[in-house]
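> For reference, the chains in residue letters:
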Amino acid sequence: KQEVTQIPAALSVPEGENLVLNCSFTDSAIYNLQWFRQDPGKGLTSLLLIQSSQREQTSGRLNASLDKSSGRSTLYIAASQPGDSATYLCAVNPGNQFYFGTGTSLTVIP
Amino acid sequence: NAGVMQNPRHLVRRRGQEARLRCSPMKGHSHVYWYRQLPEEGLKFMVYLQKENIIDESGMPKERFSAEFPKEGPSILRIQQVVRGDSAAYFCASSPGRGGLTDTQYFGPGTRLTVL
Chain A
1 KQEVTQIPAA LSVPEGENLV LNCSFTDSAI YNLQWFRQDP GKGLTSLLLI
51 QSSQREQTSG RLNASLDKSS GRSTLYIAAS QPGDSATYLC AVNPGNQFYF
101 GTGTSLTVIP
Chain B
1 NAGVMQNPRH LVRRRGQEAR LRCSPMKGHS HVYWYRQLPE EGLKFMVYLQ
51 KENIIDESGM PKERFSAEFP KEGPSILRIQ QVVRGDSAAY FCASSPGRGG
101 LTDTQYFGPG TRLTVL
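These protein sequence lines are chains A and B, in that order. The first sequence maps to residues 1 to 110 in this note's numbering. The second sequence maps to residues 1 to 116 in this note's numbering.
Just so you know, these hints were derived from the structure itself, not from any lab. Remember, it's a predicted structure, so these values are computed and weren't measured experimentally. Think of the CB as a built atom: it goes at the ideal place given N, C-alpha and C, for glycine as much as any other residue. Any given hint might turn out to be false.
[What the hints assert, rightly or not] Below are the DSS-like pairs computed for lysine-lysine, each with C-alpha atoms no more than 25 angstroms apart in a straight line:
hint, chain 1, residue 1, chain 2, residue 2
1, A, K42, B, K27
2, B, K51, B, K62
3, A, K68, B, K44
4, B, K62, B, K27
5, B, K44, A, K42
6, B, K44, A, K1
7, B, K51, B, K71
8, B, K27, B, K71
9, B, K62, B, K44
10, A, K1, A, K68
11, A, K1, B, K62
[What the hints assert, rightly or not] A few chain A residues facing chain B, derived, Cβ under 7 angstroms:
hint, residue
12, L19
13, G43
14, L49
Could you put the whole structure together from the sequences, leaning on the hints where they help?
Quick look at the structure:
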């Protein structure tokens, strides 16, 4: 059964720092992996989608990498801002559904 | 193009009542997924539907829960005889279906169900 783990569970950094969020999954047979952002009491915002054949995707200050064989993905956030404060969720799709991690709660301190 | 719409956004029910959650997928999307987020837990898959068909309901509780996606109208997640443990955020997602299993899913804002 696919299990997704995100480390750390919570992270607090001063504004301007670069940071890395980690995601690991137990079954490498996936079609894609997606990073989401969730603000308190709100829905999910898709940040980056990486297909299984890809190594990384970039959008603005965000860069996500995927190492399917080792079951790992990282989300790199450059020059963090207070507006980046949210919970970041990693989800893998082995077909028909996403398996989600429990998220990393990020606080960027002004 | 409007995103995935869910209503109501907040729903309060007393134990034993029925809850009906609605999801309108993005225009042109024919696949709908329902997920549940229990307090302090991650999102868990419940069911995957295409128009008039349930494709995968492996995450649905065996009793009291049902889902449909009719030819016309929104997808409905129905919870009969709600209990306090059903209190959660229920998210709907949709995908176009053209890319098959590589499709991304677009999520709605969720319905927060509170059972008193």
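> None of the hints should be skipped; say for each whether it holds.
Quick rundown of the hints versus the structure:
With a CA separation close to 22 angstroms, the supplied pair K42(A) and K27(B) stays within the 25 angstroms bound. Between K51(B) and K62(B) the CA atoms are separated by roughly 22 angstroms; this keeps the pair inside 25 angstroms, and the hint holds. Between K68(A) and K44(B) the CA atoms are separated by roughly 22 angstroms; this keeps the pair inside 25 angstroms, and the hint holds. Straight-line distance between C-alpha atoms of K62(B) and K27(B) comes to about 31 angstroms, which puts the hinted pair past the 25 angstroms bound.
A threshold of 25 angstroms between alpha carbons decides the hint, and for K44(B) with K42(A) the separation of about 16 angstroms falls inside it, so the pair holds. About 13 angstroms separates the Cα atoms of K44(B) and K1(A), which keeps this hinted pair within 25 angstroms; it holds. A distance of roughly 6 angstroms separates the Cα atoms of K51(B) and K71(B); the hinted pair therefore holds under the 25 angstroms criterion. Between K27(B) and K71(B) the CA atoms are separated by roughly 14 angstroms; this keeps the pair inside 25 angstroms, and the hint holds.
Between the alpha carbons of K62(B) and K44(B) the distance comes to roughly 15 angstroms, so the proposed pair stays at or under 25 angstroms and holds. A C-alpha spacing of about 16 angstroms is found between K1(A) and K68(A), which places the hinted pair at or below 25 angstroms, so the restraint holds. Our distance criterion of 25 angstroms between C-alpha atoms is met by K1(A) and K62(B), whose separation comes to about 20 angstroms. The beta carbon of L19(A) is not positioned within 7 angstroms of any beta carbon in chain B (closest approach about 21 angstroms), and the interface hint is therefore violated.
Annotation: G43(A) was flagged as interfacial toward chain B, and the flag holds, the nearest CB pair being 4 angstroms apart, inside 7 angstroms. Because the smallest distance between the Cβ of L49(A) and any Cβ of chain B comes to about 5 angstroms, under 7 angstroms, the interface hint for this residue holds.
In this structure, the earlier hints numbered 4 and 12 are contradicted, and the remaining ones agree with it.
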